[in-house]
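Asker: Fit chain B to the supplied structure of chain A, relying on the hints for placement.
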Amino acid sequence: MDFYQFGLLITLICVLISFFALFREKDDIHKILIVDLIETVGLVIVCLVATDLAEALVLPGLVVGLSELLMLTELYIRKENLPLPVVKPIKIEVMRMAPPIIATVLVIYGIILSGFTGGAVAGLGLVFFFLSKGYEERFVLLETLSGYAWAIWILGFFIFMIIPQAWLLAVMLSGGAILLKVTTKMALIGTMREGQDV
Amino acid sequence: MFNLPIEGEQLLVLEFGDIVNYFSLYTATLFLFAATFIIIAVIAKPERQTDIVFGTDTVFTKEIDPEKLRFQRFMAIACGLATLGAVSSGDLFNFTLFTALIGITNIGIVAGVNNRYVLNAAYNYGIVAMTATVFLFGGAAMALGTCGTLSIWELAGKGLVPLGSKVFLVLGVMGEGMAPFYIAKAEITRAPGAPYVLMIHVSSLLIFLRVIEIILTV
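Residue numbers (my numbering), protein chains in the order written: chain A, 1 to 198; chain B, 1 to 218.
Here chain A stands alone, though its shape is the one from the complex:
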């Protein structure tokens, strides 16, 4: 029995234990927690392979697990008619001061870097500043932009696979799209004040 098989045996015993816990549990909300535990043990089976490919498989596995967990909790809230908690916006100095400082640092760093990367960093800083200090939060715009950027990124990958001669186009498409995608992700940080005194 080599190391992989030994590890697999141990992991399967863990799976069995967590399944036993799930069968014994009667309370719905505790079931969610135990199911999350089972998901984590399932990821261990993928991790055991310990190659580059396995590493690339852990991330989608984790994403699927998280999305299922989110979906189950949403379903639980709807099922039990639980009221949504009212959260007061955090009044801290950091959210007032941080955007201009981060934006300035990014722009200066971008100018020092220069070239494609520098432009990306500087643009990122500027957009981050405008979106976080803007007059209104336009989540729909951000989401749409992010979605299109994602699609263009995937398109770039397909061009790589199918017509490798057009690699320059593919690099430019995916490079531009990933810039947009990261920028919109960054901009979300600037919209954490829940639409108040932006």
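Mimicking DSS-like on lysine-lysine, the simulated pairs with C-alpha atoms at most 30 angstroms apart in a straight line are:
| # | chain 1 | residue 1 | chain 2 | residue 2 |
| --- | --- | --- | --- | --- |
| 1 | A | K31 | B | K166 |
| 2 | B | K45 | B | K68 |
| 3 | B | K45 | A | K79 |
| 4 | A | K79 | B | K68 |
| 5 | A | K79 | B | K62 |
| 6 | A | K31 | B | K185 |
| 7 | A | K79 | B | K185 |
| 8 | A | K26 | B | K185 |
None of these hints come from the bench; they were simulated from the model.
Note that the structure is a prediction, hence the values are computed from the model and not measured.
Answerer: Coordinates of chain B only, in the frame set by chain A:
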């Protein structure tokens, strides 16, 4: 195409490195079946049920606003697309990911109905589907650990994939494809949005057929 009785003719091959997406006569049939039901979900209007008042001859037809069912319809189409991916994928792990996606969208279709019993059934199915992903990913990972590749094209006909991995894959698909049982239990076919519920049955049937093909091939 792999000199196996199940495949039929080779129709199309698309290479992405060592992962080869292929259409045999078998998978192409499944693909067309799923595509047909996506078109049905796109063009169908929600069904209008009739209620009979007990003890009289009066019959009511329910008015159902298509706007209310937009979410269910979107999820039904997404479920169809995930099914297309699952039946045409040439990679074991992609197949498991698409199958997990089918589980998520199935719950989306059901969760559009605002009824406590229906939501309860969806919740229980969600727990089964989540535990099933362990078997799905575990099966694919064990195949990767013993054979070094996930490509069905490379593994076909060699019989390298261990029996445990195949058992795990089938168990995982059983968990994800369990949805029709919960539909029968909660009588969702009688709830509003009936045409979109069809997609759950279709996807469940197709992933079962596809996993049978996979375990007989690899």
